[in-house]
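Asks: Reassemble the complex: the two chains are provided individually, in unrelated frames, and hints are given to aid placement.
One-letter residues, chain by chain:
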Amino acid sequence: MSTIAAAPRRAAASRVAVAARAVADAISDTADVAWRNLLTQLRTPQALVFSVIQPVIFVLLFRYAFGGAIHVPGTNYVDFLMPGIFAQTVAFGAVGTAVGLSGDLRTGILVRFRTLPMARIAVLAGRTAADLARNLLVVAVMIGVGFAAGFHSPHGAAALLAALALVIAFGYAISWGFASLGLRVSDPEAAQAAAVPVLFLLVFTSAAFVPSTAMPGWLQAFGTHQPVDALVNAERALILGGPAAHDVLISLAWSGGMLVVFALLAARIYARMGR
Amino acid sequence: MVNGYAVEAKGLRKAFGEVTALDGLSLAVPAGTVLGLLGPNGSGKTTTVSILATSLRPDAGRATVAGLDVVTDAARVRRVIGLAGQFAAVDPNLTGRENLRLIGRLSRLGRRQARARAGELLDSFGLNRAADRLVRGYSGGMRRRLDVAAALLHRPAVLFLDEPTTGLDPESRFALWDSVRGLASSGTTVLLTTQYLEEADALADQVVIISAGRVAGTGTPAELKERLGTAVFHLDFAGQEAAQAAEAALASAGYVVQRDGAGIQVRSAAGSGELTGMLRALNGRGPDPVSVAIREPTLDDVFLSLTRGSEAA
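So the protein sequences, as listed, match chains A and B.
Heads up: the first sequence at position 19 corresponds to 19 in this note's numbering, and the numbers run straight through without jumps.
Heads up: the second sequence at position 299 corresponds to 1299 in this note's numbering, and the numbers run straight through without jumps.
Isolated chain B (complex conformation) (with noise of 0.2 Å):
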């Protein structure tokens, strides 16, 4: 493995007739951890993945995992990573225990291999009682959690998992989200995709949003908030004249405001301490807020800070 990335892209471009998935997309995964990959539909996330996990060829640009080439060394790639779907790839007219099995052997583990270790995960991925039952009884995410398991068979050092919880309830989406820390825990690398900010946030050690093929910022959850200031401010205000009052008087002190209605929303680096500048600006100039919330920044903040820039651009 090269400078310790598990995962390595350079400029991956990919073209689906006119439309344009990939725009030179870049990026790195340290061996280890885990990366969050994070888009709005049609980003390109899919796409990505798919090149990663060599059932796609890039139409410019380089990857590695684990040092090897994804195009030119598929077939050893093939032998070091796991791919959990979008749409979960288990054959719904076998059982959990038989896709198991099949796709264990399809893995090179050998029969006995491939029977001991279909057991042992469906043991740690809950679905013992369903194992001998056919998937098309399972329910989402049940079948999702098959998924994973089958990505697992062979012991991948690299784990791609291509928005894992979408449309899962929330309890399935937690136990899913326990599964992922536990094996970035046990030092496998991840790469997952998702829509989720809080999913980013609460598993990801690194996070890269991309926004039409191309990475739009990139840094540890921390970092990317960081980045927006460390509190939001929420002011409402009696009613909409009062809160353009004071829109105006902020803005001439300098904060950059965001109005809606009676409500007035204001960023600021400096922390929570910020408030008592702010009041000081209204006060005189503009009317007294009828409430004042503060509240940390979310990654909903970065993501929709960061898309709209690069489509301004």
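This is chain A alone, in the form it adopts within the complex (with noise of 0.2 Å):
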């Protein structure tokens, strides 16, 4: 009786000891791609140090040769400004995503990859992993850049590490979205091209450097209803203060959004490449 009873409950028990040594496959494999994506990054530093330099010149643009006729009520503009550059520089650290992949697919890595016994998932979320940490970094860069400017987060720490949480988020579930890109284009060059201006139109259509009062309404139609600007609007609640609760939210809708449809596409033409 008893060994009747217990054979379902063992398939059962190995089924899931299968399941969780696949999780645990993944995992590690994701960990190994994102540590190949970093050491390349690293040792080509160029692409490193253009991802900073980029940023650094909209904080000193803005903040010196246009912010003198950008009035904007009741704050500094750098204060103002601060937050629309960091949203700006993952937004734009997404072009890296697209770039990499594409470079993967051009060198035939990712032939080599596809013909392994390694999770499959994991080329895509290693990608975005060592992304998400370039990020981090680069970020960290534009805080310090920004505290050399004058920016001076009103709202205290706290309030500025909550709005850097939501920037990395955002700049995750980005980096998904360009992820397909780059599966399609195996030319790098072509990548940048078709990343770059989607990025503009996103980044500038926004409140990110100016109030968005100041558009047309066909123009703040567009440009308060997307990702970018949700997040910028979320991070100034939080930094310069006022009520925030409902800006986090909908920011964090738009990135958990973005990153679950991002992230099945790029799953799925990654599994349907070569058919």
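Calculated from the structure, these hints are not laboratory results.
A portion of the hints provided could be inaccurate.
Partial chain A-side listing against chain B, Cβ under 7 Å, derived [unchecked claim]:
1. 10
2. 29
3. 32
4. 38
5. 116
6. 120
C-beta: ideal position from N, C-alpha, C; glycine also.
Replies: This is how it looks when you write it as structure tokens:
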């Protein structure tokens, strides 16, 4: 009797063990791929340096060249600007995801990965994890640059850290979106050329650098209903103070939604490659 | 493994848009042997290997590796195969050792095993001294050896080599040939694609010649040469007119003659002894040749005649 009852339980237990093993393997493969991508980035520091220089130039331009002409009621322009800069930094960081995967497609490393008994998701998860680490580094640099330019995060360190957590979450989600692009274009320069205009549109129609109220109505309609704008508003609500819960939830909803949709899309493209 | 075949493909078809890459290709590789897949650029060699190595799906047809279906059982196929590509798929920004350890771990070797195997393979492929240098500083030959080493980390039963020596200098080429021979003698089944007839002749137990996505001929290197006769004669004459007269004389005696300027080429199935018959046919009806050379047919001869035949059909 007991042996008959035990058999399906053992089968279920072994299925659980197999699934647990698969998850552990996927995590270990993701870590290995992420390690490889980080090493690669450290050894081609040009890309890393330029991903820092671009936002630094934006800080200088907007703080000193345009800032004097932009009036934001109730706050210092540099305190208004820096949340926009953080958002812009990680948004443009997603170009790196597209360029990196596109390069792997071109060199043939993806073909090798696809013929290894590794977890398939690790190629994408390892890439986006490495790009998340890079975002952390670049954002840390930008905080320093911000402070040097007069940013003083009026609502304190905890509020700033909460805002940066939103920035990093957004950066991770959008990175998955650009992973799909990288998998489709086997030329890194073409991938970059395709990615940059989309990001320009999202960043510059948002309230990243100027208040949306200064834009014409048709542009506002687009500019205020997209994830970069949601992120910038949530950051400002936290950093500059005021009722933040609503804006934070909207930004988290955008990032969560983008992550789910884009991760499924990228995984599907990867799984269907070679058909 | 069914029928003792390590690799078996039946009626593979694959099209990329309008372009048909494979048009019903079938082949079989007995376990423990080397099969040379020979064909010009664009004949479907890489497509065939990609399908067998699970990175591409066929539109139609079936293929098994070690008895496992490459489409429905792809995950298990990946555990028993190694692939080294025409375009060295190693990371230029990692060292040789880092590349091998990464691929070893992704091949499910475990950290310690991956480290040990990486060391062994760096050793046996003569990459010890370059092991801790970035691959972007490697020569083409070193990259290719690393690429092959990367395919061997988990001791695959079946190894696919896609044009392993294209673009290599002769020395690197011979070194790679030695590695392939060593693997084959230790029981690894190897399927290698090449554009070089010499390479197939040197390495393969069995040759499959493909053209336009179809098999144009198959056999051992010796059998394929046999099919084109056992000797090729080159007769040179004093001038074009003399050669033309000789061509007519030989043709009327039943020989298949190819003339190029003042030179004539004749294939014979009867071996070098046929020379007597040819000279007899010329005697009185044609001029004497200035020089005569006899050689064994090369796979080049086989290849040209087979692919020409398939184009005509």
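Asks: What hints, given by number in increasing order, does this structure fail?
Replies: 1, 4 and 6
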